[in-house]
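Student: With chain Y's structure known, arrange chain R on it following the hints.
In order, the protein sequence lines correspond to chains Y and R.
Start counting the first sequence at 1; every next residue gets the next number (the working numbering).
Start counting the second sequence at 427; every next residue gets the next number (the working numbering).
Hints should not be assumed to be uniformly reliable.
Claimed, not checked - FRET-style restraints, in silico, Cβ to Cβ: (1) Y/E264 / R/F432: 50 to 58 Å; (2) Y/R294 / R/G477: 52 to 60 Å; (3) R/D561 / Y/E268: 34 to 42 Å; (4) R/D437 / Y/H23: 31 to 39 Å; (5) Y/F194 / R/P585: 41 to 49 Å; (6) Y/S154 / R/D537: 53 to 61 Å; (7) R/F432 / Y/G346: 32 to 40 Å; (8) R/P444 / Y/G346: 40 to 48 Å; (9) Y/E268 / R/E521: 47 to 55 Å; (10) Y/W226 / R/T539: 51 to 59 Å; (11) Y/S154 / R/T535: 55 to 63 Å; (12) R/F428 / Y/E369: 45 to 53 Å; (13) R/D437 / Y/A309: 43 to 51 Å.
Claimed, not checked - With the Cβ distance kept under 10 Å, some of the chain Y side facing chain R (calculated, not the full set): (14) V161; (15) E255; (16) P257; (17) D324.
Read the hints as simulated data drawn from the structure, not as lab findings.
Ideal placement from N, C-alpha and C gives every residue a C-beta, glycine not left out.
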Amino acid sequence: MDKVLTRLVGVEGSRTLEVARRHGAYKSLEAAVKLDPAEIVEKVKASGLRGRGGAGFPTGVKMSFMPKEPTPERPNYLICNADESEPGTFKDRVIIEEDPHLLIEGCLISSFAMRCSCAFIYIRGEYTLGARVLEQAVAEAKAAGLVGKNIFASGWDCDVVVHRGAGAYICGEETALMDSLEGGRGNPRLKPPFPAQAGLYGCPTTINNVETLANLPAIIERGPEWFAGIGRNERNTGPKLYCVSGHVKRPGVYELPISTPLMEIIDEHCGGLLREGSRLKAVIPGGSSVPVLRAEECQDLPMDYDAVAERGSMLGSAAVMVMDHTTDMVKVMARLSHFYAHESCGQCTPCREGTPWLEKIFQRILRGEGRPEDLDLLESVASHMQGTTICPLADAAAMPARSFISKFRDEFEHYIQHGRSAVAAG
Amino acid sequence: MFGEAFEKKVDEMVARYPQPRGAVMPLLHMVQEEEGYVSPEAEAWIAQRLGLAPAYVHGVTTFYTMYRTSKQGRYLLQLCTTVSCMLRGCDNVLEHIKQRLGIEEGETTADGTFTLVTVECLGSCGTAPMMQVNDDYYEDLDIERVDALLDALERGERPEPGPGPCRVLVE
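Bound conformation, chain Y alone:
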């Protein structure tokens, strides 16, 4: 498969408009604005593209929820979610830093298809380099008339605004992101109303991940059939960025056809496990919020939405975290539980109270002070968090907790009985 999302990586000057245009940037936009917006939505539907941020919702269907006749009082908005914060995930950063015009073009194609007058790119605050690169790229695109008034003489106006977050994981959740973009604390909102009905400033809004939007220029250029031809079936299509970290020889971002088998990614693309003679123990396949897989569950697993779900986990952000046999799973879990306790926004009681409780109990087990009833207590706390809050952060904390305990129960019990790790004890 030739590269689509990362084709300019390594090309000298890829951030500049001149080099990007030499490689065809904005040609898809020029073609798109000659189409009827509904035609673009149909193309995206036919491509089978699903959201690359984690939820996997069909992108074309999401676009079709937007009102067809926005008014000046109630404009349509696009938000590009570049708040990449799911532990293990570093793929959007590659697009932002290396090919910002691909992202801007994707934002504009989507904005045209949904009749948006402004696209906001919400980038996580720590990505200061990415924010600078994007600001510069937007300025260049504006100066060239690609952003602003009457784009490609279509009579359609669209602005692009880059907005920096400031270090809150919760702002990757789409409704918290909108609160933050409006200048507030990032507290998630109840749904309904869904963003397409009442989103940013109460106006119809669609939120898409960076990688999702970066696929649009290729869908316009090469056609939905080409896109749908990549992958295992019509529900899992297109190129995909996998971010691999942990105990492999060559961690990094890989652009591969979706449905590439997990063990092929680890053994062939990443060069196998980091240390000679080590054995695979576990993989978190889609960012820290999804259930962990044991080594045997990683065999013959196409890395796509449906196959990973059938295995009881989720493709999520396709952040593959690889752990070899030396890994102390209790320590990993304790570390994860700290993350969620730190990042809970505090709005809903089960999450505000539950995430620190999970952390407290996992930490005491790790210190060798675990009690025999702790595993049941953890199960009880986690089960009361799942499905009881406004946003999925509580679920994101509870799911790994439950899966770690059920799949590596012997390690937790060893800690509780002996006060130390089963792994270090050999």
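Tutor: Relative to chain Y, chain R alone:
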């Protein structure tokens, strides 16, 4: 506040958003860049500029970890300790930095040069462990590389950040 060029940039920022309140976060970033932290005076100034209550602005400041409400060392060392970095040995790096600087997490060296904090995943997992120093990402850390980095910072140099997330893509 902070002179004419600053005011001009403030006006530009406010104009970007459908409502002035949208500019709270960029303005907080801007005052922090000027002063190194967000002071109560700066919050009051932003509140007045955007027609908000100072308490509202303070509520935003304190929600986000990147806004700091007190002065930090000249170099803010932000070491990631989330899982991918943990798997690649960030705990050893943390221990080493603490020993070398003689400070604990959250503390500043007596000469005001370094403040050390641990942070949650910064999206640098393929080049773990990593540390953000002020705005810059330093990745693929081990004890030798950390020592070289701290040596350079102590000399007042700014070593080249990186290497960034693209290594395996360009090979």
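Student: Would you mind marking each hint as holding or not holding in the structure?
Tutor: Going through the hints against the structure:
1. The hinted range of 50 to 58 Å is satisfied by Y/E264 and R/F432, whose Cβ atoms lie roughly 53 Å apart.
2. At about 56 Å, the CB distance of Y/R294 to R/G477 agrees with the hint of 52 to 60 Å.
3. Judged by the Cβ atoms, the range 34 to 42 Å given for R/D561 and Y/E268 holds: they are separated by roughly 36 Å.
4. Separation of R/D437 from Y/H23 is about 36 Å and conforms to the stated range, judged on CB atoms against 31 to 39 Å.
5. Between Y/F194 and R/P585 the beta carbon distance is about 47 Å. The supplied range of 41 to 49 Å therefore holds.
6. Our hint of 53 to 61 Å for Y/S154 and R/D537 holds, since their Cβ atoms are close to 59 Å apart.
7. Judged by the Cβ atoms, the range 32 to 40 Å given for R/F432 and Y/G346 holds: they are separated by roughly 33 Å.
8. Restraint check, R/P444 to Y/G346: a C-beta distance of roughly 27 Å breaks the suggested window 40 to 48 Å.
9. At about 35 Å, the CB distance of Y/E268 to R/E521 disagrees with the hint of 47 to 55 Å.
10. Checked against the hint of 51 to 59 Å, the C-beta distance between Y/W226 and R/T539 comes to roughly 55 Å, which is consistent with it.
11. Separated by about 58 Å at the C-beta atoms, Y/S154 and R/T535 satisfy the suggested range of 55 to 63 Å.
12. Here the CB-CB span from R/F428 to Y/E369 is close to 51 Å, well matched to the stated 45 to 53 Å.
13. Distance hint check: the CB atoms of R/D437 and Y/A309 are about 49 Å apart, consistent with the given range 43 to 51 Å.
14. Given the 10 Å rule on beta carbons, the hint for Y/V161 holds: about 5 Å separates it from the nearest Cβ of chain R.
15. Taking 10 Å as the C-beta contact cut-off toward chain R, the hint placing Y/E255 at the interface holds, the least distance being around 7 Å.
16. A cut of 10 Å between beta carbons decides the hint on Y/P257: the least distance to chain R is about 16 Å, and the hint is violated.
17. For Y/D324, the suggested interface contact is upheld, since its CB lies about 9 Å from the closest CB of chain R, less than 10 Å.
The structure fails to meet hints 8, 9 and 16 from the earlier list, while all remaining hints are met.
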